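Since the structure of chain A is provided, determine the placement of chain B on it from the hints.
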Amino acid sequence: ETGVTQTPRHLVMGMTNKKSLKCEQHLGHNAMYWYKQSAKKPLELMFVYSLEERVENNSVPSRFSPECPNSSHLFLHLHTLQPEDSALYLCASSQPWGAPSGANVLTFGAGSRLTVL
Amino acid sequence: AQSVTQLGSHVSVSEGALVLLRCNYSSSVPPYLFWYVQYPNQGLQLLLKYTSAATLVKGINGFEAEFKKSETSFHLTKPSAHMSDAAEYFCAVSVSGSARQLTFGSGTQLTVLP
Chain A
1 ETGVTQTPRH
11 LVMGMTNKKS
21 LKCEQHLGHN
31 AMYWYKQSAK
41 KPLELMFVYS
51 LEERVENNSV
61 PSRFSPECPN
71 SSHLFLHLHT
81 LQPEDSALYL
91 CASSQPWGAP
101 SGANVLTFGA
111 GSRLTVL
Chain B
1 AQSVTQLGSH
11 VSVSEGALVL
21 LRCNYSSSVP
31 PYLFWYVQYP
41 NQGLQLLLKY
51 TSAATLVKGI
61 NGFEAEFKKS
71 ETSFHLTKPS
81 AHMSDAAEYF
91 CAVSVSGSAR
101 QLTFGSGTQL
111 TVLP
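Protein chains in written order, with our numbering: chain A, 1 to 117; chain B, 1 to 114.
No wet-lab data here; the hints were simulated from the structure. If you're wondering where the values come from, they're calculated on a predicted model, not measured in any experiment. The beta-carbon is built from N, C-alpha and C at its ideal position, and this holds for glycine as well. Hints are supplied without guarantee of correctness; some may be wrong.
What the hints assert, rightly or not - If you only want the chain A side, here are some residues facing chain B, beta carbon under 8 angstroms, derived: (1) K22; (2) P42; (3) L43; (4) E56; (5) V60; (6) L90; (7) S94; (8) F108; (9) G109; (10) A110; (11) G111.
Stated by the list, open to error - Non-contacting residues of chain B with respect to chain A, defined by C-beta distances greater than 10 angstroms in every case (computed): (12) Q2; (13) G8; (14) S14; (15) V19; (16) R22; (17) Y25; (18) S28; (19) Q45; (20) L46; (21) I60; (22) F63; (23) E66; (24) K68; (25) K69; (26) S80; (27) S84.
What the hints assert, rightly or not - Here chain A is said to cover these stretches of chain B; the calculated rule only asks that three of the stretch's residues, wherever they fall, bring their Cβ under 8 angstroms from a Cβ of chain A: (28) 36-43; (29) 91-104.
The following block holds chain B by itself, in its conformation from the complex:
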C-alpha cells in the first residue's frame, strides 16, 4: 500500500522568502516520489522526481526536494520565492515507478505575497 500526506493545504510566503512544502509518504517498499505543479487554468507539470539515484533532487524553476527515509519525507524547497511560483503543488508516490499506480496528495496552494 502507498499513500502521501501533504501538510498544509495553503501556504503563504513573502516574495524572496524560503518556500517549504511538506510531503510525507507511506510505502512498504522504497518508493518513487514526484512533485507536480499546477498553474491556474493549466494541467499538472512535473517539477522533479526521486528514483533512488540521489537523495537531493533538483528540479525546474529552482526547486529541489530531499528524500529522507528515516522521516519518510520528501519536502519541496526553494530558497527565494517569486510571484510566478504561485500555484498548487502536488506530491505523488508510486512503489513500482509506474504512472498507472501513482497516488497523489491533496495538494498545497502556494500564495506569494509582494
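If we strip away everything but chain A, and leave its shape as in the complex, we get:
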C-alpha cells in the first residue's frame, strides 16, 4: 500500500477512555506530523517528528501523547479527552527539510474523525 494510511477513520470515545490513532507511510519520508483540523479554524500543527525524534510540540495538552517507533509509523495516544478535542486528526509526512527541491511538500492521510462524548 502506498501513501499515508490512517486508522481508524472514525472513533467515538468517552472522556475517560484511552485510545490510539495510527499513521503509516510507505513513501520513504523521514519526517511525520500530526495536525488537528477543527471546523472554521486553520489547521493546527500539533507534533513533528524527524528521524523518530520529536522536534516540535506546539503547546499541546498532555492528554495527547505522540509516539514514533520508526520512520514509517506514528501514533497519537489519547486519554481523558474533552469534548472540545472532537476534530479531524490528520497525519502527514515529508522528505527531509532542506531537500534539493527547495520546498517541502506534505503528503496527508485521509484523517481520523474523533468524537468525544
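Below, chain B without anything else, positioned relative to chain A:
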C-alpha cells in the same frame, strides 16, 4: 513572521465559469507558497507550489496561481469549473520552504452549481 489570509470562506460558481480563490500573504522575506485541496472525507493534497522559479505556477486538474509580489497575493484560478472541483482549498506559506514551518489559511469552500 508569516501569515496567510484567504478572502471568502465560501465561494460558489456555476459549472463552466471561472474559478478565482484569493490568498494574500504576509512575510518578511520571499516566501514559498502552496495551494492544497481537500475533497470530502479525504486529507489535503498538493495542487501547486511557488518556489521563486516562475511567477505563474501550473498545478494539477487545470489550476494555476500567479505570485504577485507587489500585491502580496497568490490567487488560485481555473478557467472552467467542473463539478468535481467542489472541495475546500487551503493556501499556505513557509518562509524557509520547510514543511515544519508551514502556516495554513482558514480555507475556502468551493461549491460548483450545475
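Status of each hint after checking the structure:
Checking K22/A against chain B by beta carbon gives a least distance of about 15 angstroms; that is not within 8 angstroms, so the hint is violated. For P42/A, the interface hint holds, since its Cβ comes within 8 angstroms of a Cβ in chain B; the closest pair sits about 5 angstroms apart. Checking L43/A against chain B: minimum C-beta separation of about 4 angstroms stays under 8 angstroms; hint holds. For the restraint placing E56/A at the interface with chain B, the shortest Cβ-Cβ distance is roughly 6 angstroms, inside the 8 angstroms limit, so the hint holds.
For the restraint placing V60/A at the interface with chain B, the shortest Cβ-Cβ distance is roughly 15 angstroms, beyond the 8 angstroms limit, so the hint is violated. At its closest, the beta carbon of L90/A sits 6 angstroms from a beta carbon of chain B; the interface hint therefore holds under the 8 angstroms criterion. Checking S94/A against chain B: minimum C-beta separation of about 4 angstroms stays under 8 angstroms; hint holds. Nearest Cβ of chain B to the Cβ of F108/A: about 3 angstroms, under the 8 angstroms cut. The hint holds.
Interface restraint check for G109/A: the shortest CB-CB distance to chain B comes to about 5 angstroms, inside 8 angstroms, so the restraint holds. Interface hint status for A110/A: upheld, as the beta-carbon distance to the closest one in chain B is roughly 5 angstroms, under 8 angstroms. Satisfaction of the interface hint for G111/A is found here, the shortest Cβ-Cβ separation to chain B being roughly 5 angstroms, below the 8 angstroms cut-off. Against the 10 angstroms criterion, Q2/B stays outside the reach of chain A, whose nearest CB is about 13 angstroms from its own CB.
Here G8/B stays apart from chain A, with its beta-carbon at least about 14 angstroms from theirs, past the 10 angstroms limit. No beta-carbon of chain A is positioned within 10 angstroms of the beta-carbon of S14/B; the least distance is around 26 angstroms. Distance check for V19/B against chain A: the nearest CB is about 22 angstroms away, which clears 10 angstroms, and the non-interface claim stands. Its beta-carbon lying about 16 angstroms from the closest one in chain A, R22/B satisfies the requirement of being farther than 10 angstroms from that chain.
The beta carbon of Y25/B is kept farther than 10 angstroms from every beta carbon of chain A, the shortest such distance being approximately 13 angstroms. S28/B, annotated as away from the interface, keeps every beta carbon of chain A farther than 10 angstroms; the closest lies near 17 angstroms. Not every beta carbon of chain A lies more than 10 angstroms from that of Q45/B, the smallest distance being close to 7 angstroms; the non-interface claim is violated. Distance check for L46/B against chain A: the nearest CB is about 5 angstroms away, which does not clear 10 angstroms, and the non-interface claim fails.
No beta-carbon of chain A is positioned within 10 angstroms of the beta-carbon of I60/B; the least distance is around 12 angstroms. At roughly 15 angstroms, the least C-beta separation between F63/B and chain A is larger than 10 angstroms, which holds for a residue marked as non-interface. In this structure E66/B is separated from chain A by more than 10 angstroms, as the shortest Cβ-Cβ distance comes to about 17 angstroms. Non-interface status of K68/B relative to chain A is upheld: no Cβ of that chain comes within 10 angstroms, the nearest being about 19 angstroms off.
Once the 10 angstroms rule is applied to beta carbons, K69/B is consistent with being away from chain A; the minimum gap is 17 angstroms. The Cβ of S80/B sits about 26 angstroms from the closest Cβ of chain A, beyond the 10 angstroms cut-off, so the non-interface label holds. Interface exclusion of S84/B from chain A stands, the closest Cβ pair being 18 angstroms apart, more than 10 angstroms. Under the rule that three or more residues need a Cβ within less than 8 angstroms of chain A, the assignment of the segment 36-43 of chain B holds, with 4 such residues.
Evaluation of the coverage hint for the segment 91-104 of chain B: fulfilled, as 9 residues show C-beta separations to chain A shorter than 8 angstroms, against a requirement of three.
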